[in-house]
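Student: Residue-level listing of the chains:
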Amino acid sequence: MSREPIIALVSGTIFGAGLAIGGMTDPARVRGFLDLFGAWDPTLAFVMGGAVLVMALAWAVQRRMAHPLFAAGFSLPDRRDITPRLVGGAALFGVGWGIAGLCPGPGFAALAIAPIPALIFLAAMLAGMLIVRLLEGE
Amino acid sequence: MILPGFPDAAPLEGLIGGVLIGLAAALMLLGAGRIAGVSGIAARAFGLAQSSLPRGAAFAFLIGLPLGAALVGALGEGGASAFVAPLPLALAGLLVGIGTRLGSGCTSGHGVCGMSRLSQRSLVAVATFMATGFATVAVMNALGIEVLP
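One line per chain: the protein sequences are S and C, in this order. For the first sequence, the positions run 1 to 138 when our numbering is used. For the second sequence, the positions run 1001 to 1149 when our numbering is used.
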């Protein structure tokens, strides 16, 4: 049996714990960070800074590895092109993030904290993903 | 720990949480050879995107997210939270779903995994969604639109 689901479960659990400790499952705190011109709350910058720092080290290790510890090979994005689709999509995502103070990770983690709001957000998010898939006729 | 000038900020909790998120993403990268991008993993789990990631593994990751948050709650950590009203919440979810598919990622994939790799696509995506996030809250505040209880 592949060890991938076990790695994914452990990773997801640590990820969810980190989101909760860092306050990212509290939309009020996330919107506080996005309220740059008001009562700005810099907490999210510390969360992002800590995560990026650890991952920068992980990338340095990854470059010296022939293959991952528990898988045959790396499956990593390799695109470099900046497209209108990338920028437009990120722009729309940012608007949604600003309205709700939630992005996908905290949306799932919030199922443990406030299941009804989390389900509303996640159902709408999956509907949005479905719309893109249908429009692109994949 | 109090940050001077920002009485509501929780810099130490933020840093600890961030390091945990980084470790989780590092485990996916070095263990399974994959990006811990939540929007992509969610799309894969629900059959809304093509990916080499097995669906079972995608679901396992997603189940872990509330599991980890519940563990933190059980230990008495992680404070209160306030969620926006159902209508703006649904509108926001829709925009997040469409935006993350078109933009190939969210705060985890582009923010945590991509920025740390100095991916140009991720740097552009993060700069863009931060800018529209800041603008959205600023405009809503200027118009007096209250969405939090």
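The hints are simulated quantities; they were obtained by calculation from the structure and are not laboratory data. For every residue, glycine included, the Cβ atom is placed at its ideal position computed from N, Cα and C. Among the hints, erroneous ones may be present.
Cβ pair distances, simulated, as ranges [to be verified]:
{"id": "1", "chain 1": "C", "residue 1": "1139", "chain 2": "S", "residue 2": "72", "range": "47 to 57 angstroms"}
{"id": "2", "chain 1": "S", "residue 1": "115", "chain 2": "C", "residue 2": "1144", "range": "38 to 48 angstroms"}
{"id": "3", "chain 1": "C", "residue 1": "1142", "chain 2": "S", "residue 2": "65", "range": "19 to 29 angstroms"}
{"id": "4", "chain 1": "S", "residue 1": "61", "chain 2": "C", "residue 2": "1056", "range": "23 to 33 angstroms"}
{"id": "5", "chain 1": "C", "residue 1": "1055", "chain 2": "S", "residue 2": "70", "range": "10 to 20 angstroms"}
{"id": "6", "chain 1": "S", "residue 1": "134", "chain 2": "C", "residue 2": "1008", "range": "20 to 30 angstroms"}
Output of the computed footprint for chain S on chain C, the stretches with three or more beta carbons under 8 angstroms from beta carbons of chain S [said to hold, decoys possible]:
{"id": "7", "segment": "1014-1028"}
{"id": "8", "segment": "1092-1099"}
{"id": "9", "segment": "1118-1131"}
Student: Taking 8 angstroms as the C-beta cutoff, is the stated coverage of the segment 1014-1028 of chain C by chain S satisfied by three or more residues?
Tutor: holds (count 15)
Student: I want to verify a distance hint. Is the separation of the beta carbons of residue 1055/C and residue 70/S within 10 to 20 angstroms?
Tutor: 18 angstroms, holds
Student: Given a hint of 23 to 33 angstroms, does the C-beta separation of residue 61/S and residue 1056/C actually sit inside it?
Tutor: Since the Cβ atoms of residue 61/S and residue 1056/C sit about 27 angstroms apart, the hinted range of 23 to 33 angstroms holds.
Student: Using the Cβ atoms, figure out if residue 1142/C sits within 19 to 29 angstroms of residue 65/S.
Tutor: At 49 angstroms between Cβs, range violated.
Student: Hint says 20 to 30 angstroms; check whether the CB-CB distance for residue 134/S and residue 1008/C agrees.
Tutor: 42 angstroms, violated
Student: Apply the coverage criterion to the segment 1118-1131 of chain C and chain S: a residue qualifies when its Cβ sits closer than 8 angstroms to a Cβ of the chain, and three qualifying residues are needed.
Tutor: holds (count 10)
Student: Counting residues of the segment 1092-1099 of chain C whose CB is closer than 8 angstroms to a CB in chain S, do you get three or more?
Tutor: holds (count 8)
Student: Does the Cβ-Cβ separation between residue 1139/C and residue 72/S fall within 47 to 57 angstroms?
Tutor: Since the Cβ atoms of residue 1139/C and residue 72/S sit about 48 angstroms apart, the hinted range of 47 to 57 angstroms holds.
Student: Range hint 38 to 48 angstroms: satisfied by the CB atoms of residue 115/S and residue 1144/C?
Tutor: 30 angstroms, violated
In this structure, the earlier hints numbered 2, 3 and 6 are contradicted, and the remaining ones agree with it.
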